[in-house]
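As they're listed, the protein sequences go chains S and U. Under our numbering, the first residue of the first sequence carries the number 1, and numbering increases by one thereafter. Under our numbering, the first residue of the second sequence carries the number 1, and numbering increases by one thereafter.
Any given hint might turn out to be false.
With a straight-line Cα cutoff of 25 Å, these simulated SDA-like cross-link-like pairs (lysine to any residue) come out [as the list claims (entries may be wrong)]: (1) S:Lys133 <-> U:Ser288; (2) S:Lys113 <-> U:Trp91; (3) U:Lys192 <-> S:Ser57; (4) S:Lys131 <-> U:Glu186; (5) S:Lys133 <-> U:Gly95; (6) S:Lys108 <-> U:Trp91; (7) U:Lys192 <-> S:Ile56; (8) S:Lys102 <-> U:Leu198; (9) U:Lys192 <-> S:Leu47; (10) S:Lys60 <-> U:Glu189; (11) S:Lys168 <-> S:Gly123; (12) S:Lys74 <-> U:Thr216; (13) S:Lys131 <-> U:Trp91; (14) S:Lys74 <-> S:Leu47; (15) S:Lys12 <-> U:Val201; (16) S:Lys279 <-> S:Thr296.
Not close to chain U: a few residues of chain S, all C-beta gaps over 12 Å, as computed [to be verified]: (17) Pro73; (18) Ser84; (19) Arg104; (20) Arg367.
Note that these hints are calculated values from the structure, not bench results. On a predicted model such as this, the values are computed, not experimentally measured, just so you know. Even glycine gets a Cβ: it sits at the ideal position worked out from N, Cα and C.
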Amino acid sequence: MASVTFEHVTKKYAGDVTAVKDLNISIADREFLVFVGPSGCGKTTSLRMLAGLEEISEGKIYIGDRVVNDVAPKDRDIAMVFQSYALYPHMSVYDNMAFGLKLRKVPKPEIDKRVKEAAGRLGIQHLLDRKPKQLSGGQRQRVAVGRAIVRNPAVFLMDEPLSNLDAKLRVQARAEISKLHQQLGTTFIYVTHDQVEAMTMGTRIAVMKDGLLMQIDTPQKLYDRPDNVFVAGFIGSPSMNLFDATLTGDGNDVYVDTGAFRVKIPETRAETYRSMRGKQVIFGLRPENIHDSNFTPPGIHSQEIEAEVEVTELMGNEVIVYLNSKGKSMLARVDPRTQAHVGNTVKVALNMDVFHIFDKQTEKAVR
Amino acid sequence: MKQGKNTFILSFLVAPVLLYLVFVIVPYLGSMIFAFTRWKGLSANIRFNGINNFIKLWDDENFWNALSHNAIAVVLLPIVTISIALVFAFWFTQGVRGSRFFRIAFFFPQVMSVVIIAVLWSFIYNPQFGVLNGIIKLLGIKAWESFPWLGDSATIFWCILVVVVWQSIGFYMVLFIAGMMGIPTEYYEAAKLDGASLPVVFFQVTIPLLWETVRTGLVFIAIAAMDLYAMVMVITSGRIAATSRAADVLSTYIYETAFENGDFSYGIAMAVVMMFIILGLSFFTLTSTRKEVLEY
Numbered sequence: 001m002a003s004v005t006f007e008h009v010t011k012k013y014a015g016d017v018t019a020v021k022d023l024n025i026s027i028a029d030r031e032f033l034v035f036v037g038p039s040g041c042g043k044t045t046s047l048r049m050l051a052g053l054e055e056i057s058e059g060k061i062y063i064g065d066r067v068v069n070d071v072a073p074k075d076r077d078i079a080m081v082f083q084s085y086a087l088y089p090h091m092s093v094y095d096n097m098a099f100g101l102k103l104r105k106v107p108k109p110e111i112d113k114r115v116k117e118a119a120g121r122l123g124i125q126h127l128l129d130r131k132p133k134q135l136s137g138g139q140r141q142r143v144a145v146g147r148a149i150v151r152n153p154a155v156f157l158m159d160e161p162l163s164n165l166d167a168k169l170r171v172q173a174r175a176e177i178s179k180l181h182q183q184l185g186t187t188f189i190y191v192t193h194d195q196v197e198a199m200t201m202g203t204r205i206a207v208m209k210d211g212l213l214m215q216i217d218t219p220q221k222l223y224d225r226p227d228n229v230f231v232a233g234f235i236g237s238p239s240m241n242l243f244d245a246t247l248t249g250d251g252n253d254v255y256v257d258t259g260a261f262r263v264k265i266p267e268t269r270a271e272t273y274r275s276m277r278g279k280q281v282i283f284g285l286r287p288e289n290i291h292d293s294n295f296t297p298p299g300i301h302s303q304e305i306e307a308e309v310e311v312t313e314l315m316g317n318e319v320i321v322y323l324n325s326k327g328k329s330m331l332a333r334v335d336p337r338t339q340a341h342v343g344n345t346v347k348v349a350l351n352m353d354v355f356h357i358f359d360k361q362t363e364k365a366v367r
Numbered sequence: 001m002k003q004g005k006n007t008f009i010l011s012f013l014v015a016p017v018l019l020y021l022v023f024v025i026v027p028y029l030g031s032m033i034f035a036f037t038r039w040k041g042l043s044a045n046i047r048f049n050g051i052n053n054f055i056k057l058w059d060d061e062n063f064w065n066a067l068s069h070n071a072i073a074v075v076l077l078p079i080v081t082i083s084i085a086l087v088f089a090f091w092f093t094q095g096v097r098g099s100r101f102f103r104i105a106f107f108f109p110q111v112m113s114v115v116i117i118a119v120l121w122s123f124i125y126n127p128q129f130g131v132l133n134g135i136i137k138l139l140g141i142k143a144w145e146s147f148p149w150l151g152d153s154a155t156i157f158w159c160i161l162v163v164v165v166w167q168s169i170g171f172y173m174v175l176f177i178a179g180m181m182g183i184p185t186e187y188y189e190a191a192k193l194d195g196a197s198l199p200v201v202f203f204q205v206t207i208p209l210l211w212e213t214v215r216t217g218l219v220f221i222a223i224a225a226m227d228l229y230a231m232v233m234v235i236t237s238g239r240i241a242a243t244s245r246a247a248d249v250l251s252t253y254i255y256e257t258a259f260e261n262g263d264f265s266y267g268i269a270m271a272v273v274m275m276f277i278i279l280g281l282s283f284f285t286l287t288s289t290r291k292e293v294l295e296y
């Protein structure tokens with residue numbers, strides 16, 4: 001069991017390409033940290049540097065108290081689950097799981113015990129004699145996890161292990177991995193481009209973009225208090241609605257004017273923005289905070305606007321409505337009893353207790 | 001629709017299949033008939049001879065001598081050439097410095113003509129001014145410093161085999177490099193994390209994943225080992241008898257029998273036997289090395 005620390009870690013490739021820029025993260029022992037971000041953001045490179053599969057250009061990586069920059073991958077006490085699983089096709093499931101232990105000269109009875117224990121935990125005992133090509137995608141994924149478990153590592157690394165599974169299996173596998181983390185009590189470091197996986201599995205999420213760490217926090221805090229426009233738009237599905245706007249008003253009032261609609265900031269939050277009147281900002285509001293005005297929850301500060309319905313998606317428990325208000329598009333997640341239909345003009349209520357304002361220049365949250 | 005597609009495909013196949021039939025299959029089958037005749041090759045006088053040519057083979061010392069040399073080549077060439085080519089291919093795909101240069105250097109003999117190679121090695125083996133004896137002299141091994149490598153019946157065939165190995169390594173090395181580049185790097189990374197040393201990676205990851213390519217290489221080189229005509233002829237300058245037949249192989253003996261001794265039907269009989277030996281060898285090589293086809 002071990003903590004992991006990235007200290008000013010940078011990765012540069014030939015041709016002036018910087019894949020990871022000055023990464024600083026401390027991951028506590030037993031934490032489930034998820035690296036998330038779009039393709040090319042540096043999340044896999046960071047994981048691979050930790051695994052020892054990529055050289056570190058600058059900085060240090062610690063596993064526990066030990067700097068592992070020059071430590072061979074096999075000596076870092078880590079185990080990795082690859083995106084493609086990397087199961088040796090010529091070996092049986094048993095041999096795949098036992099391979100690393102045999103190389104470490106673990107006694108045969110111990111190998112047998114660990115393999116069967118891991119297989120039992122993952123429900124793959126009946127597959128031990130099969131070859132990888134005889135397994136389904138989900139079974140291969142479990143064997144890959146099993147191969148990592150038998151090593152009893154201090155840190156588990158997982159590089160998009162669910163990306164090759166179908167949607168239904170992915171949901172099931174997510175839960176299994178979360179359960180495994182609780183059972184094993186080991187540090188898990190997980191890479192994904194899927195923010196739903198990140199939100200449902202991580203104790204903390206590190207959001208990356210273009211090699212930079214944009215924000216690291218618990219899923220709920222990232223969701224409720226994104227530090228910048230990128231995190232605001234990346235976390236949450238459907239994404240947060242973001243509008244270019246100007247803060248206006250006089251006296252004590254502060255308004256957000258998007259050009260298409262103008263809404264008042266409630267008194268409880270106006271003080272923060274009073275000095276910013278006249279400034280260009282980005283106004284953000286999550287889809288679930290835009291309500292059909294016939295079904296506005298009581299007790300919130302809401303502002304009504306009109307918008308035309310372009311598309312509706314019936315989800316059963318809610319309706320996702322694509323709206324257009326004088327050229328400004330937005331998404332709303334409304335009550336399933338809504339009468340909104342394509343082509344109607346409807347009144348929607350914006351919950352002004354939970355809006356977000358970002359500086360237009362720096363794209364950072366203003367609170 | 002399917003009918004139209006089949007007709008379209010067949011229309012492209014007709015010409016090459018016809019050509020192959022006329023210039024390869026028919027001559028093969030046609031020539032097999034001549035093995036049961038007595039024929040000098042140029043005359044119209046062809047007499048049926050039953051299986052006498054094959055019976056004659058059984059007692060022909062030169063035939064068995066030539067075949068024994070081929071047998072040695074069939075055993076040694078695959079083992080030595082494939083092993084060295086595999087090691088080089090693995091080494092040069094591990095990011096070793098200068099690997100690009102070495103790949104070109106080792107492949108270079110493949111693009112050289114056999115005649116040039118034979119002349120080159122004749123100089124190397126030359127007892128007076130050859131590089132080999134020069135090195136032996138430098139090492140101070142007086143007993144061997146003027147040794148006639150190509151002039152001694154005990155060594156000539158082994159010298160030829162060395163040249164064949166030297167010439168062939170490049171081709172198989174490139175074949176295996178291409179195969180190794182098709183192996184996903186994740187396997188090597190997983191092996192690295194598991195703590196596998198380079199020899200373990202080579203024997204337990206690379207070779208099993210490359211086995212189909214290795215099998216193909218083994219068949220190619222086994223067939224090549226049954227040939228060796230060009231290399232033997234050029235290095236010995238066609239003077240097989242002068243070497244006490246120490247460098248004789250089946251293909252050179254067939255040539256001598258048919259074109260120098262004028263006994264075409266007997267030469268064809270030997271060629272038929274050689275064909276069946278090669279077929280059998282290929283079948284044996286493929287079946288004995290067969291493993292499950294891997295998917296990755």
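| query | Which numbered hints turn out to be false for this structure? | reply | 2, 5, 6, 12, 13, 15, 16, 17, 18 and 19
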